[in-house]
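Visitor: Sequences and hints are given; from them, build the entire structure.
In full-length UniProt numbering, the protein residues as written are 1 to 652.
These are computed hints drawn from the structure, not numbers from a lab.
Check the hints yourself; a few may be wrong.
No more than 20 Å apart at the CA atoms, straight line, and that leaves these computed lysine to any residue pairs for SDA-like [unchecked claim]: (1) LYS161 x LEU142; (2) LYS408 x SER456; (3) LYS254 x VAL486; (4) LYS518 x SER539; (5) LYS408 x ILE425; (6) LYS103 x PRO90.
Ranges between beta-carbon positions, derived for each pair [unchecked claim]: (7) LEU206 x PRO534: 39 to 49 Å; (8) LEU121 x LEU206: 30 to 40 Å; (9) GLU448 x GLU477: 47 to 57 Å; (10) ALA615 x ASP492: 30 to 40 Å; (11) MET442 x LEU121: 58 to 68 Å; (12) SER93 x SER136: 40 to 50 Å; (13) TRP499 x THR226: 26 to 36 Å; (14) SER240 x ARG404: 54 to 64 Å.
All values reported here derive from a predicted model rather than from experimental measurement.
Where is the CB? At the ideal position from N, CA and C, for every residue including glycine.
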Amino acid sequence: MPCKDCERRHYSHKFKKDHLFPSDIQDPRQAPPEWLNFISNHFVDCVTLSGEVPAPTFHRQLCSSSIDYVFASSDLAPCRQSSSVSYIHPNWSDHCLVATTFKFTANHTTGKGMWRANPRLARNHTFCTEFDAYISISVFLLSPYMSPQDQWDRLKHMLTKFIKSFTRRRTQTLTTLEARLQKRASHIHLSRALSFRGRATVLNSLILSKLWHVLRVVSVPGTFFTKVRSLMGRFLQHRSFPPIRLDTLCLPTKMGGLGVLNPKLQQGALQLRWLRPLFQSTSSPSGLVLPWLLYLLRHYLPDVHPHLPFIFPDLRHPRFRTYTSPFFNLFAACDLLPHDFDSTVINLPTCLDIPLASAVVVPHGLPAFPASWRHLRIRDAYEINTTLDILSRRLPSSFPRSPRILRKVLQRVDDHSLFLHAFVIRACLPQSILTEQFPDLMARTGTEVDPSTLLSALSPTFPWKRLSTRQFRSSCEVVTSSIEDVPHNIRDIKWRQFWSFILPYASRNIWFRLLHHKISCQSVLHNRIPTSFPSPNCSLCGTEIDSQDHFLYACPLKLPLWHTLWLAHFGFSPQSSDIHNALYKFSFPLPLDPTSHPASILGSVLLALWRHHWAFIFDQSPFVAANATTTANSLLSRLQSEKHLDQRPFSV
Numbered sequence: 001m002p003c004k005d006c007e008r009r010h011y012s013h014k015f016k017k018d019h020l021f022p023s024d025i026q027d028p029r030q031a032p033p034e035w036l037n038f039i040s041n042h043f044v045d046c047v048t049l050s051g052e053v054p055a056p057t058f059h060r061q062l063c064s065s066s067i068d069y070v071f072a073s074s075d076l077a078p079c080r081q082s083s084s085v086s087y088i089h090p091n092w093s094d095h096c097l098v099a100t101t102f103k104f105t106a107n108h109t110t111g112k113g114m115w116r117a118n119p120r121l122a123r124n125h126t127f128c129t130e131f132d133a134y135i136s137i138s139v140f141l142l143s144p145y146m147s148p149q150d151q152w153d154r155l156k157h158m159l160t161k162f163i164k165s166f167t168r169r170r171t172q173t174l175t176t177l178e179a180r181l182q183k184r185a186s187h188i189h190l191s192r193a194l195s196f197r198g199r200a201t202v203l204n205s206l207i208l209s210k211l212w213h214v215l216r217v218v219s220v221p222g223t224f225f226t227k228v229r230s231l232m233g234r235f236l237q238h239r240s241f242p243p244i245r246l247d248t249l250c251l252p253t254k255m256g257g258l259g260v261l262n263p264k265l266q267q268g269a270l271q272l273r274w275l276r277p278l279f280q281s282t283s284s285p286s287g288l289v290l291p292w293l294l295y296l297l298r299h300y301l302p303d304v305h306p307h308l309p310f311i312f313p314d315l316r317h318p319r320f321r322t323y324t325s326p327f328f329n330l331f332a333a334c335d336l337l338p339h340d341f342d343s344t345v346i347n348l349p350t351c352l353d354i355p356l357a358s359a360v361v362v363p364h365g366l367p368a369f370p371a372s373w374r375h376l377r378i379r380d381a382y383e384i385n386t387t388l389d390i391l392s393r394r395l396p397s398s399f400p401r402s403p404r405i406l407r408k409v410l411q412r413v414d415d416h417s418l419f420l421h422a423f424v425i426r427a428c429l430p431q432s433i434l435t436e437q438f439p440d441l442m443a444r445t446g447t448e449v450d451p452s453t454l455l456s457a458l459s460p461t462f463p464w465k466r467l468s469t470r471q472f473r474s475s476c477e478v479v480t481s482s483i484e485d486v487p488h489n490i491r492d493i494k495w496r497q498f499w500s501f502i503l504p505y506a507s508r509n510i511w512f513r514l515l516h517h518k519i520s521c522q523s524v525l526h527n528r529i530p531t532s533f534p535s536p537n538c539s540l541c542g543t544e545i546d547s548q549d550h551f552l553y554a555c556p557l558k559l560p561l562w563h564t565l566w567l568a569h570f571g572f573s574p575q576s577s578d579i580h581n582a583l584y585k586f587s588f589p590l591p592l593d594p595t596s597h598p599a600s601i602l603g604s605v606l607l608a609l610w611r612h613h614w615a616f617i618f619d620q621s622p623f624v625a626a627n628a629t630t631t632a633n634s635l636l637s638r639l640q641s642e643k644h645l646d647q648r649p650f651s652v
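Guide: What follows is the structure, given as structure tokens:
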């Protein structure tokens, strides 16, 4: 039939003699009345119209008869356009070729084709039961005034809608499913008393680990990462205010963080499974996925080297930029790496294929490179001078496309409102001058496009074939910018020494927060929540602003605690600078007892001070330095006992 999308009742039947003249009928010239009534009531002869003489469709020797027909249902018959009876040579058949052409006027455009549900649904007993019931209800609700074809189209639409809704109900969206999973896991582990370091370990190993196998192959929207980051922050800083930036907590422990895995960076690191072999060879990669990816790249970008779209986003085909593209995660991983090509030497053919937007730098405060110019490449404005083996500008008359835009670009370069990148400037200089001026740079070689030097610039410290996930995360620009955002006084702290201290876990939490200047003192609470904390003054003395140092040791009610314990363990009364240097710079005096580490003593004092301060705030318990001293000595004694339990027994 000529109609692809319409499904109509259509019968093409060849009646043989034994059908029209059954042997058990007395009158051989008469077919069964029931059969003739069924044909006349439900179908129309499309070959012989009413009032016309039937054309012979069967020939044998000198005999001919009409025994071949084309019948159509009554709703299809008005669409008949023409009919024909064509003679066929007797060596092939005694019958003629009977044909009818129909012309349909569809009230909707042709779609993508037949929609198919997942075959696994057929094994789902619940789906089969509900689907069977829905079919019965849907057929009953169809309007009797609709044509059979419209009824069938309507039924297909209703069943497709039901299957999709059932699938969505059975398979929730990735965002909702993963967020609920992480939330449930967080609630389980929040009931445990853990330090910041312990929560980071639980988060990496027990909670976020549920995501990695999904993020390796599944593209997720940015909102998903936002929700996961929010969940991570709530879990890490449960009952901790003011919070520390999550980007800071994701830094390595030696830089002031907790080593928490950034989900977005980890997803990029997991793409090394495909990027490493893809960048090592483009000729004959093994497996199933890599040849398929290379085929797609060469099919949609036939004039671009397969590696260049991973480096320059402007070279990516619009199909590759969509959320459902198989390249979405791969491109996102490469975009996380630093794109610093200042010291990169690129040969001339490779330079010509680079987008023009990536070859220029816009000075601060000047108009940006317009989006309508991003389709241009360096080859549109420059060409290879074979005599000098350099890049030279094209003449305006030889611009291959967009001459008006190219003239504007070059005019901005001449006006110094656009600056060429260093690798483009080097491509415009002869090799002899480059060797003389920059002897440390390697020579420009090659007559074919070779992006290997550009790929090496993405990971300058580690070669791609040995690049690990940890090295990938440390190389990303996000990590570099996060480190630069951390104040110098925090970066200069000896974090390795801090994590080696023997401390109660609660004391380590307090010390970690004070090093990041995130102690919930009265001045900070007043700045954050002025309606709930109208005064920045200390709640104990009430005379001075409760800064972090005042909260820790400078308050007149807390200073005796430090004097008593400092004198007992170090043998002298401290100055405020001594306490400050010990807490922030780890400049400890020598203890009187060599078995006691100064950090353990200060950690016990911090925890005792913290407990008695908040007992005064929440329980109205008076802050007494003597009671806090007793608590500190008790904590230190318990810590020493636990330390002795961890020691190895003496050998016999």
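Visitor: What hint numbers does the structure not satisfy?
Guide: 2, 6, 9
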